[in-house]
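Number of protein chains: 2
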Amino acid sequence: MNSSSKKRIAILGSTGSIGTQALDVISSHPDSFEVEVLTAQNNVDMLIHQAIQYKPNAVVISNESHYARLKEALQHEDIKVYAGENALASVVQMDTIDLVLTALVGYAGLRPTIRAIESGKTIALANKETLVVAGELVTGLARQKGVNIYPIDSEHSAIFQCLVGEFHNKIEKIILTASGGPFRGKKRSEIQAMRKEQALKHPNWAMGAKITIDSASLMNKGLEVIEAKWLFGVKTSQVEVVVHPQSIIHSLVQFEDGSIKAQLGLPDMRLPIQFALTYPDRFPSAFPRFDFANYPTLTFEKPDTETFRNLALAYEALNKGGNMPCVLNAANEVAVAEFLKDRVGFLEMSDIVEQCLSKMDYIKNPSYEDYVSTDRITRLKAMELVK
Amino acid sequence: MNSSSKKRIAILGSTGSIGTQALDVISSHPDSFEVEVLTAQNNVDMLIHQAIQYKPNAVVISNESHYARLKEALQHEDIKVYAGENALASVVQMDTIDLVLTALVGYAGLRPTIRAIESGKTIALANKETLVVAGELVTGLARQKGVNIYPIDSEHSAIFQCLVGEFHNKIEKIILTASGGPFRGKKRSEIQAMRKEQALKHPNWAMGAKITIDSASLMNKGLEVIEAKWLFGVKTSQVEVVVHPQSIIHSLVQFEDGSIKAQLGLPDMRLPIQFALTYPDRFPSAFPRFDFANYPTLTFEKPDTETFRNLALAYEALNKGGNMPCVLNAANEVAVAEFLKDRVGFLEMSDIVEQCLSKMDYIKNPSYEDYVSTDRITRLKAMELVK
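If you read the sequences in order, they're chains A and B.
Counting from 1, one number per residue, gives the positions in the first sequence under our numbering.
Counting from 1001, one number per residue, gives the positions in the second sequence under our numbering.
Mixed in with the good hints, there may be bad ones.
[As the list claims (entries may be wrong)] Covered stretches of chain A (in silico footprint by chain B; criterion: 3 or more residues with CB under 8 Å from a CB of chain B, positions within the stretch not fixed):
1. 128-140
2. 247-261
3. 269-280
4. 292-298
Hints listed in this document are in silico derivations from the structure and should not be mistaken for laboratory results.
Just so you know, these numbers come straight off a predicted model, no measurement behind them.
No residue lacks a Cβ here, since even glycine has one placed at the ideal position from N, Cα and C.
Model the full structure from these sequences, guided by the hints.
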């Protein structure tokens, strides 16, 4: 903490859905937070706009081709300007950062998150792929460094909120809720022809493209199962998924006395973002409030893993362990990117993931370098399958 | 704590529904708990049986006419035997008691609970009427003595469980769930002729007669609103009631960031009893587990306060404050007792309560003696109304 006792925040991925909402939250509490670093992949225009508004100490554009434009636009500001993946991995280690909010999309979040943990920064984690790819390594490092990882994913924030004051009590079961996405209730024959236009229409949450496709295919829930295992230190068999189309109950924890706690609310990512920034306190908010009058019926059903095979594949990868969740993630990232380019069909995404899981070499205790090469080789294999 | 570090428990009302379930819980954890005192109102046979099984230090039978029988039956045991209301109020002060679980029914719980707090005993409170009658006095005394009151009522235990680790965070709203009782959805004309045989059939919970009638008339929820106000230090306007016929969500708390936490489970009083005894820890249990597969739909509706006027009357009494909740409770205790004797009709119970509230003198800041006289005079008035 600095002398003014404001929490100084680095937002990795500030121009995305989570990043912009994090800036909303920070703007509502100017006495409590200060924006120290902002980073973006490609959206240089929005990054310039944010930099001028929030006056961070430093900005990073990952795609180096935008550097000149960024540098020029901010030449009259007292803001350090960097570009490239290496700069991203360095900037998180600045002494003046208290908390790193990682809202990068996909595998790209892994390296800067590890660097931030190495330099003892508190992590607010919106980038679930970091834990999917290398959960054992990342959570082990965090334990070793005494670093707290606060989840931002609404489901994991729900569980974290339920565990507050109960970290000493044993978890019997974690129940992750899933909306079921836009194709819930449909069969394989109906979904086969679905294109990105349909898959991008999430019933409850407005989110980025990658996570929205993952929600439609239930891969998002699979990734969350893996994330939950590592965040909360439970066995795979202790993580269950229930489909809850209204997305009001964000997830639940069952303790070993049989008591279940749940966190509820309207689907609004600002709440888990704010809680990750203010924990252990809660700050007043003007977010719209939930009212049972508008939700007189909440429903729950088993996920259909025959139609949405990704969820079963995620459990399979997690049960195999080692580098298999990393394979799952890399194959899925390729599949989703190609689906968004209309180059593979909706159901083929699962085929690509399944084939990569069966074809890639198994590494029982992967090092960081093993994860990097697993990710790289899996992507090549997945691209071959696309062709 | 004693040297063996077992928690030594006094159970007031050990032969009732809560008392016997508390003994069940204690039996499951013989290394953690010791039964120090057992008391009953009238059920001397069960008290004898319990005394022989649990070998408490002392037993009390409130109805003195059973004293000789109790004394004789336990003459070969090393158990102190007492009788009468004064003995009940004294025995809770024994040095060897760590926690007093008060499961007395109605107003009778007030005096021994006050005595237990005065001697610094932790309270596990199943007797909501104690807080309904004299919430300000009792919680004020507990604060002054540094005594914790752990709720056993399933709704209040739910809220307490949700507040664990968050006592420093402001409560925005408490939402008490109500099953709606056996007459939910019925209109006044249908309920008018209902007798105790119908009213005693609670859809979800197996409980004592008084609380079951109170559940059917929604007075139980009214009493719980008052209890919640005092236990959790909120304004009356911060306590809401929602009817949830499945009784799975036991209650909810909304914090000032808008986040809602809930506690869920099958209706089973052993869980809140156990939590009150083990807090801040949770002990493993073999209680049946909740499964969404058996509850695919949870529903919520507004309480019908035109049909079930007791809930509105409870809010009215709480808003007036002073001795009015005490009046409400005393009038209701008489009304329920007379209903159980088929001497007043189901809807007339509310009439009796309403008339007592309008006829009794208002005392703004009642002393203990004022509560005692308010209770006594209200009962006389209520009995007059019965005739």
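Now the hints, each set against the structure:
1. With 0 residues having a beta carbon nearer than 8 Å to a beta carbon of chain B, the segment 128-140 of chain A misses the requirement of three or more and the stated coverage is violated.
2. Given as covered by chain B, the segment 247-261 of chain A passes the check, having 10 residues with a CB less than 8 Å from a CB of that chain where 3 are the minimum.
3. Counting residues of the segment 269-280 of chain A whose beta carbon lies closer than 8 Å to any beta carbon of chain B gives 5, which reaches the threshold of three, so the coverage claim holds.
4. Counting residues of the segment 292-298 of chain A whose CB lies closer than 8 Å to any CB of chain B gives 6, which reaches the minimum of 3, so the coverage claim holds.
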